[in-house]
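Visitor: For reference, the chains in residue letters:
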Amino acid sequence: MIVILAIDALEYTLVEKYQCENLKQKYYGKTDISEFSEPRTMVLWSSFMTGENKEKEILKLGDKEMWNARFDIKETFFYNFQSPKIIDLPGFSYDKKIHEEERELLKAYFSTDSTEEKNKIRNDYNAHAFSHHREIKNQFLDAMKGDHDFLLGYFSIADVIGHLNFGNSLMMKMIYKDLDEIAKEIKQNHIVLSDHGMKAIGQFGDHSEYGFWSTSFKDLNNPKITDFSKIIVGMM
Amino acid sequence: MDEGYLKFVIVGHVDHGKSTLIGRLLYDTGSIPIEKVEEIKNICDSLGKQMEFGYVMDHLEEEREQGITIETTQTFFKTNKRNYVIIDAPGHVEFLKNMITGASQAEAAILIIDAEEGVREQTKRHAYILSMLGISQVIVVINKMDLISFDREKFESIKSDLLNFLKEIGITPSYIIPISAKEGDFVASKSANLPWYSGPTVLEALDSFIPKERSVKKPLRFAVQDVYNFDKRIVAGRVESGLLKKDQSITILPSGEKTKVKSIEEFLKTTEEAEPGKSTGLTTLDKLFVDRGNIIVDSDDMSYNVTTRFRASIFWMDKLPYKLGTPILLRCATQEVMCRVETILKLMDSSTLEVLVSDSGVIRNREAADVMIATDKEIVVDDFLDIPETGRFVLGKEVTVAGGIVKGGKI
Numbered sequence: 001m002i003v004i005l006a007i008d009a010l011e012y013t014l015v016e017k018y019q020c021e022n023l024k025q026k027y028y029g030k031t032d033i034s035e036f037s038e039p040r041t042m043v044l045w046s047s048f049m050t051g052e053n054k055e056k057e058i059l060k061l062g063d064k065e066m067w068n069a070r071f072d073i074k075e076t077f078f079y080n081f082q083s084p085k086i087i088d089l090p091g092f093s094y095d096k097k098i099h100e101e102e103r104e105l106l107k108a109y110f111s112t113d114s115t116e117e118k119n120k121i122r123n124d125y126n127a128h129a130f131s132h133h134r135e136i137k138n139q140f141l142d143a144m145k146g147d148h149d150f151l152l153g154y155f156s157i158a159d160v161i162g163h164l165n166f167g168n169s170l171m172m173k174m175i176y177k178d179l180d181e182i183a184k185e186i187k188q189n190h191i192v193l194s195d196h197g198m199k200a201i202g203q204f205g206d207h208s209e210y211g212f213w214s215t216s217f218k219d220l221n222n223p224k225i226t227d228f229s230k231i232i233v234g235m236m
Numbered sequence: 001m002d003e004g005y006l007k008f009v010i011v012g013h014v015d016h017g018k019s020t021l022i023g024r025l026l027y028d029t030g031s032i033p034i035e036k037v038e039e040i041k042n043i044c045d046s047l048g049k050q051m052e053f054g055y056v057m058d059h060l061e062e063e064r065e066q067g068i069t070i071e072t073t074q075t076f077f078k079t080n081k082r083n084y085v086i087i088d089a090p091g092h093v094e095f096l097k098n099m100i101t102g103a104s105q106a107e108a109a110i111l112i113i114d115a116e117e118g119v120r121e122q123t124k125r126h127a128y129i130l131s132m133l134g135i136s137q138v139i140v141v142i143n144k145m146d147l148i149s150f151d152r153e154k155f156e157s158i159k160s161d162l163l164n165f166l167k168e169i170g171i172t173p174s175y176i177i178p179i180s181a182k183e184g185d186f187v188a189s190k191s192a193n194l195p196w197y198s199g200p201t202v203l204e205a206l207d208s209f210i211p212k213e214r215s216v217k218k219p220l221r222f223a224v225q226d227v228y229n230f231d232k233r234i235v236a237g238r239v240e241s242g243l244l245k246k247d248q249s250i251t252i253l254p255s256g257e258k259t260k261v262k263s264i265e266e267f268l269k270t271t272e273e274a275e276p277g278k279s280t281g282l283t284t285l286d287k288l289f290v291d292r293g294n295i296i297v298d299s300d301d302m303s304y305n306v307t308t309r310f311r312a313s314i315f316w317m318d319k320l321p322y323k324l325g326t327p328i329l330l331r332c333a334t335q336e337v338m339c340r341v342e343t344i345l346k347l348m349d350s351s352t353l354e355v356l357v358s359d360s361g362v363i364r365n366r367e368a369a370d371v372m373i374a375t376d377k378e379i380v381v382d383d384f385l386d387i388p389e390t391g392r393f394v395l396g397k398e399v400t401v402a403g404g405i406v407k408g409g410k411i
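As given, the protein sequences belong to chains A and B, one line each in that order. Under full-length UniProt numbering, residues 1 to 236 are what the first sequence spells out, in order. Under full-length UniProt numbering, residues 1 to 411 are what the second sequence spells out, in order.
Only chain A is shown next, with the shape it has when bound in the complex (with noise of 0.2 Å):
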């Protein structure tokens, strides 16, 4: 079985600040983006299942619709495996309603001016968020005892909290860190990855212009995230 860990907003410098061992493996760095305008998640996840820039297709779609695309696996790189399972990813197999839930709490956030009921949603998106996350970590870990050739898990809890908290920094260590124990339950050959990665704007996070990769086997350098699709199949 391939393993992919695949970490939305896993920022590369917090794994190294917090020490995550297990998610940086032997070899890790940054993926290069700089090929999409801006560093969004849908485009991202989409290039990288088909290895193609999907940027001009997704963005044509409007900010709202672009959640609603989904790929069919034979568009995908996913195809090449017999049993491949694959966890929540964005444009794929992603549970909408959780995460359009998700983006409405975001926005009834930013709505109010009231310090009151700003407390009271960023509470109930964190509860929301951090739900979400651990019914995602029990699939991955049953998923992994299973016979698939091929598991993607998609974990988004890095991403979702960090655009309200990013800067409590003891909630953003204890996500990163339970992130870390998940990748050590792997034991299979498996990469680490994320589409991009966040950096301050105050209090709250906001996407930054690198993702992160990590391989026991190979050092990738300076890939791109379309790179992936061929180096996945190639460790078939």
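Honestly, the hints are just simulated from the structure, not real lab data. Incorrect hints may have been included.
Unchecked claim - Straight-line C-alpha distance at most 30 Å; calculated DSS-like pairs for lysine-lysine:
hint	chain 1	residue 1	chain 2	residue 2
1	A	K17	B	K49
2	B	K124	A	K17
3	A	K24	B	K397
4	A	K173	B	K49
5	B	K49	A	K26
6	A	K96	B	K246
7	A	K118	B	K36
8	B	K269	B	K258
9	B	K7	B	K78
10	B	K41	A	K107
11	B	K36	A	K120
12	A	K173	B	K245
13	B	K154	A	K187
14	B	K49	A	K177
15	A	K24	B	K49
16	B	K97	B	K346
17	A	K24	B	K154
18	A	K30	A	K173
19	A	K199	A	K97
20	B	K41	A	K177
21	B	K36	A	K177
22	A	K24	A	K145
23	A	K145	A	K187
24	B	K407	A	K173
25	B	K7	A	K17
26	A	K118	B	K41
27	B	K262	B	K246
28	A	K218	A	K30
29	B	K36	A	K184
30	B	K154	A	K184
31	A	K120	B	K49
32	A	K17	B	K97
33	B	K49	A	K187
34	B	K212	B	K78
35	B	K36	B	K81
36	B	K124	A	K26
Chain B: place on chain A using the hints.
Guide: Chain B only, in chain A's frame:
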């Protein structure tokens, strides 16, 4: 209740639960805000985990980063008996460096060992450093007992392994305590999980230790910084240890000339005495030759050493290695003399504690060495364990290239 404070360090393998123990000590003694504990607990709950006390340290780190806590390397808590200062030791090299250069002084130590993993190389290295620095009040804690179902046999086996090693390096631990820092067993309170253990908890063990004699009770060492001639001649300097008193009979070293303290002069006032750490001025009854770098001691005290050769442990921290016999500036309190490392008695890699071949006559970056130092002029030094202030020194002119501690004074 108050017996002052005791400074201690927690050492051991990086994964054996040091920060969890610190977090637990702070939590059980009510030394961190309850809201912070709640916040950590809530995030742990949200991640589907048990409370992790190790994150208490991160909260402190965060405060330090934001400048809320001024002190950058020390953490505080108190028991009914006294206050405690935990000295942060991020790694053993830093610990050794801090101890030698005087940045921190531990009076006691807790050596932590994971009950599942037992004694590791790093455990041994850290124990060796405690021995080198003469820290004799040592508690060994065998942590994570919960992971081995509080098994007595396993505990006894680790204890026996460790005692064999500690004996070799001359450490006799005061206590060996089975604990679970995560669950709290035998940290602040006893626990029914360990019915076979009848010794003290970690806090009880710490409370039984004796703080090092404060330097106020030690012999006087007044380091002369300068001499000013106003309407009267004022000898300015710093009380490094002991008490400086009006009318005290004093000896100026290294000359050995004797006189009396006529007055202790402070800005716009005179005073009767000056405590350790105090920079002050004094006038003498007789007009003697006094200069920067002299050390003033009490005339009744004969504990000082005026010497041109002494034994020391030095820690080299410069990329450029030292070659035996090269003249180098030594600074100890306000004394500055040229010196040479005459002999390397023992040379050791501070990371591995591997004893290196000292025949090459070279001391490299991060190597620790037992050496004989010869100075060009007489110098006043004390054994580091007796008076650290005049028992430690640095080498190098503009850049400090090494730190050292005096071992055994006069030869």
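Visitor: Determine for every hint whether it applies to the structure shown.
Guide: Outcome of the hint check:
1. K17(A) <-> K49(B): This hinted pair holds, its Cα atoms lying about 22 Å apart.
2. K124(B) <-> K17(A): holds, 28 Å
3. K24(A) <-> K397(B): violated, 42 Å
4. K173(A) <-> K49(B): The given pair, whose Cα atoms are some 15 Å apart, holds under the 30 Å limit.
5. K49(B) <-> K26(A): Cα-Cα ~27 Å, so holds.
6. K96(A) <-> K246(B): Distance of about 83 Å is beyond 30 Å: violated.
7. K118(A) <-> K36(B): holds, 21 Å
8. K269(B) <-> K258(B): This hinted pair holds, its Cα atoms lying about 25 Å apart.
9. K7(B) <-> K78(B): holds, 11 Å
10. K41(B) <-> K107(A): Between K41(B) and K107(A) the Cα gap is close to 28 Å, so the pair holds against 30 Å.
11. K36(B) <-> K120(A): holds, 19 Å
12. K173(A) <-> K245(B): Cα-Cα ~54 Å, so violated.
13. K154(B) <-> K187(A): Given pair K154(B), K187(A) holds - Cα atoms ~29 Å apart, limit 30 Å.
14. K49(B) <-> K177(A): The hint holds at about 12 Å.
15. K24(A) <-> K49(B): Cα-Cα ~23 Å, so holds.
16. K97(B) <-> K346(B): Holds, at roughly 18 Å.
17. K24(A) <-> K154(B): violated, 34 Å
18. K30(A) <-> K173(A): holds, 20 Å
19. K199(A) <-> K97(A): holds, 27 Å
20. K41(B) <-> K177(A): The hint holds at about 15 Å.
21. K36(B) <-> K177(A): holds, 18 Å
22. K24(A) <-> K145(A): holds, 23 Å
23. K145(A) <-> K187(A): Answer holds: K145(A) to K187(A) is near 10 Å, not above 30 Å.
24. K407(B) <-> K173(A): The given pair, whose Cα atoms are some 44 Å apart, is violated under the 30 Å limit.
25. K7(B) <-> K17(A): This hinted pair holds, its Cα atoms lying about 29 Å apart.
26. K118(A) <-> K41(B): holds, 22 Å
27. K262(B) <-> K246(B): holds, 6 Å
28. K218(A) <-> K30(A): holds, 14 Å
29. K36(B) <-> K184(A): This hinted pair holds, its Cα atoms lying about 28 Å apart.
30. K154(B) <-> K184(A): holds, 27 Å
31. K120(A) <-> K49(B): Roughly 23 Å between the alpha carbons, so the hint for K120(A) and K49(B) holds.
32. K17(A) <-> K97(B): holds, 23 Å
33. K49(B) <-> K187(A): Within the cut-off at roughly 22 Å; holds.
34. K212(B) <-> K78(B): Answer holds: K212(B) to K78(B) is near 17 Å, not above 30 Å.
35. K36(B) <-> K81(B): Holds. K36(B) to K81(B) sits at ~26 Å (cutoff 30 Å).
36. K124(B) <-> K26(A): With a Cα-Cα distance of about 27 Å, the restraint between K124(B) and K26(A) holds, given a limit of 30 Å.
Against the hints set out earlier in the document, violations occur for numbers 3, 6, 12, 17, 24.
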